[in-house]
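**Q** Spelled out from the first residue to the last, the chains are:
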Amino acid sequence: MHVAHLSLTDFRSYEAVELGLEPGVTAFVGPNGQGKTNLVEALGYAATLSSHRVANDAPLVRHGAGRAIVRVAVVRDDRRALVELELNPGRANRARLNRSPVPRPRDVLGLLRTVLFAPEDLALVKGDPSERRRFLDDLLVARAPRFAGVRADYDRVLKQRGALLRTASAARRGRGGGRRAEREAGFAAAGAGDLLSTLEVWDAQLARHGAELLGARLELVEALRPLTARAYATLAPASDVVELSYRGTLPADDSPADSPPASSTDGPDLWKTLVTDREVLAERLRARLLEMRDAELERGVTLVGPHRDDLFLGLGELPARGYASHGESWSFALALRLAAYDLLRADGGDPVLILDDVFAELDTARRRRLAEIVAPAEQVLITAAVPEDVPAELAGGRFDVAEGSVTRVG
Amino acid sequence: MYEGVVQNLIDELGMLPGVGPKSAQRIAFHLLAADPADVNRLAHALLEVKEKVRFCRVCGNVAAEEECRICRDARRDEHVICVVEESKDVVAIEKTREFRGRYHVLGGAISPIEGVGPDDLRIRELMTRLADGQVTELILATDPNLEGEATATYLARLVKPMGLKVTRLASGLPVGGDLEYADEVTLGRAFEGRRLLDV
Ligand SMILES: Nc1ncnc2c1ncn2[C@@H]1O[C@H](COP(=O)(O)OP(=O)(O)O)[C@@H](O)[C@H]1O
Ligand SMILES: [Mg+2]
Ligand SMILES: [Zn+2]
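So the sequence lines, in the order shown, correspond to chains A and B.
Each residue of the first sequence is one higher than the last, beginning at 1 in my numbering.
Each residue of the second sequence is one higher than the last, beginning at 1 in my numbering.
Among the hints, a few may not be true.
Unchecked claim - So the derived list for chain B, only partly shown, Cβ under 8 Å to chain A, looks like this:
id, residue
1, 54
2, 110
3, 111
4, 112
5, 113
6, 117
7, 118
8, 128
9, 133
10, 137
11, 146
12, 149
13, 154
Hints in this document: simulated from the structure, not taken from any laboratory.
For each residue, glycine too, the CB sits at the ideal point set by N, CA and C.
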């Protein structure tokens, strides 16, 4: 697929901009702070309904404006779709598809698929587990938009269960605030038994929705493992072997909880026992919740479930996080994105590749290898501070970006 | 900010569900410009509804008398009770003409975030209705969203020892939404295809 047109109103630094784009490679070139990333960020937003740079929408709206509008014309197999998003910070966003309103913005997910490489990707390797969970979940949604619903449901279950646990925890501690907190939470006349039976209901919800997310993530990591290893080997030949495994509040396989997490180095047999059956996972989550109940009531937070999990990244014998060099971390992050690209491409419909300021970070060899891998994609959009940062393998169209104006120069 | 009385009206309107500050302002200025007779009729309707409409003492549905129309109708099957969150759900289900039993209106769903626990719902009243063993089937028609599911699960567990048939509307309802958003045909089909709930 490719983006044929991008139109922004009051998005980031742009009051209004219209860009016609073609398949193949296009570079946006200009000094820092001129608005290059703002352009590709808008495309990433249209694909995922979130920015790769900020967690909420407010900074995406041009300073002084009340709302931002992103319009993207996507062409896939010669069919054109127009996706329009209106960002209203503090209120519900709205979306239109081919000029007709859709019930929820997430109904346009899947129309544009992108893989975005950015300096922020370093956090995939060096950052908190939440960065890697987000990587996995974003990819699940990109592959199957219905996962946006699964994710939203799970988040809501966590909120509901969290509110209940806080009440129960306060009541249990019997602090002065306990009874008041109980009353506020609507359990005025409820005894501890009632709180517990309500908790069991939310346990069941957490187990059900958590199992769906967990099962999908486990399958995804299985699919990513060989692709990431291959991409890393291509980017950095003659280096250590990379390793991916899912680390969760549940052991990923049938081995006892205290044995080390399963990994490809444990040999193929163990992987035959990888359990992704949703019912089994739900049952295990429930059992684990029961085991952890005391601790949960003590602390008033949900301690079991995919929101606490991590994607373990290993390099040779060592974890990448904390051990890998800057260059290795970069290669690992790129390899993860390339693996995501491979998966999406295998699903059908070549996603749009966006490389935001990444070549400047790479040495000549890795630059060339990355360029060779991405060159055949249907559409590649690159941002760079100077034209020399665009590898020769990726010669194509060019826009100059300066002080918020975007001009085609080639 | 406007003059005291106008701002008061805007604030009151803004408390209504689905009315944001902008709409509240629009409605307020519409009322200011409207014919006094029209505004009078609206004010009267508001007062009258609070005066005359009550909640059925049996099922919790809105009623003009002590008991609602459905509870007073002897032709309705008293062996089946359909549990819903709100009175508007009764209206939605009645439209399908698929259901000839009685209702029980909970007055919401379990939602710890909003401070709604089982005791804030008309669950005790439901248990009283079930106590004499007349009812043989309980249909749980709470909304097809998380809170509705949680409430249905809670109820199913609660009545399990009573050994009656507990069913849930078939899937196919728009997930994540309200019962009232489902069209009549879909809702009717969901009723026909209701499944046993096993907890
Ligand atoms: N909401 C906003 N309103 C106005 N300007 C913004 C907003 N968000 C970012 N900017 C401006 O955009 C510029 C950064 O643009 P960016 O695309 O990140 O630059 P680069 O060309 O280096 O990629 C900064 O000058 C910043 O002040
Ligand atoms: Mg930039
Ligand atoms: Zn009644």
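**Q** State for each hint whether it applies.
**A** Hints, one by one, checked against the model:
For residue 54 (chain B), the interface hint is violated, the least distance from its beta-carbon to any beta-carbon of chain A being 23 Å, above 8 Å. Among the interface hints, the one on residue 110 (chain B) holds; its C-beta lies about 6 Å from the nearest C-beta in chain A, closer than the 8 Å criterion. The beta carbon of residue 111 (chain B) comes within 7 Å of a beta carbon in chain A, closer than 8 Å, and the hint placing it at the interface holds. Below 8 Å, beta-carbon pairs count as interface contacts, and residue 112 (chain B) has one with chain A at about 4 Å; its hint therefore holds.
Because the smallest distance between the Cβ of residue 113 (chain B) and any Cβ of chain A comes to about 5 Å, under 8 Å, the interface hint for this residue holds. Taking 8 Å as the C-beta contact cut-off toward chain A, the hint placing residue 117 (chain B) at the interface holds, the least distance being around 4 Å. The beta carbon of residue 118 (chain B) is positioned within 8 Å of a beta carbon in chain A (closest approach about 6 Å), and the interface hint is therefore held. A least Cβ separation of about 16 Å between residue 128 (chain B) and chain A goes past the 8 Å threshold, and the interface hint is therefore violated.
Because the beta carbon of residue 133 (chain B) sits about 23 Å from the nearest beta carbon in chain A, more than 8 Å, this interface hint is broken. Interface hint at residue 137 (chain B): violated, since its Cβ lies 21 Å from the closest Cβ of chain A, which is beyond the 8 Å cut-off. A distance limit of 8 Å between C-beta atoms decides the matter here; for residue 146 (chain B) the minimum to chain A is near 5 Å, and the interface restraint holds. For residue 149 (chain B), the suggested interface contact is upheld, since its CB lies about 7 Å from the closest CB of chain A, less than 8 Å.
Against a cut-off of 8 Å between C-beta atoms, the interface hint on residue 154 (chain B) holds, since the closest Cβ of chain A lies about 5 Å away.
When the structure is compared with the earlier hints, violations turn up for hints 1, 8, 9 and 10 and for no others.
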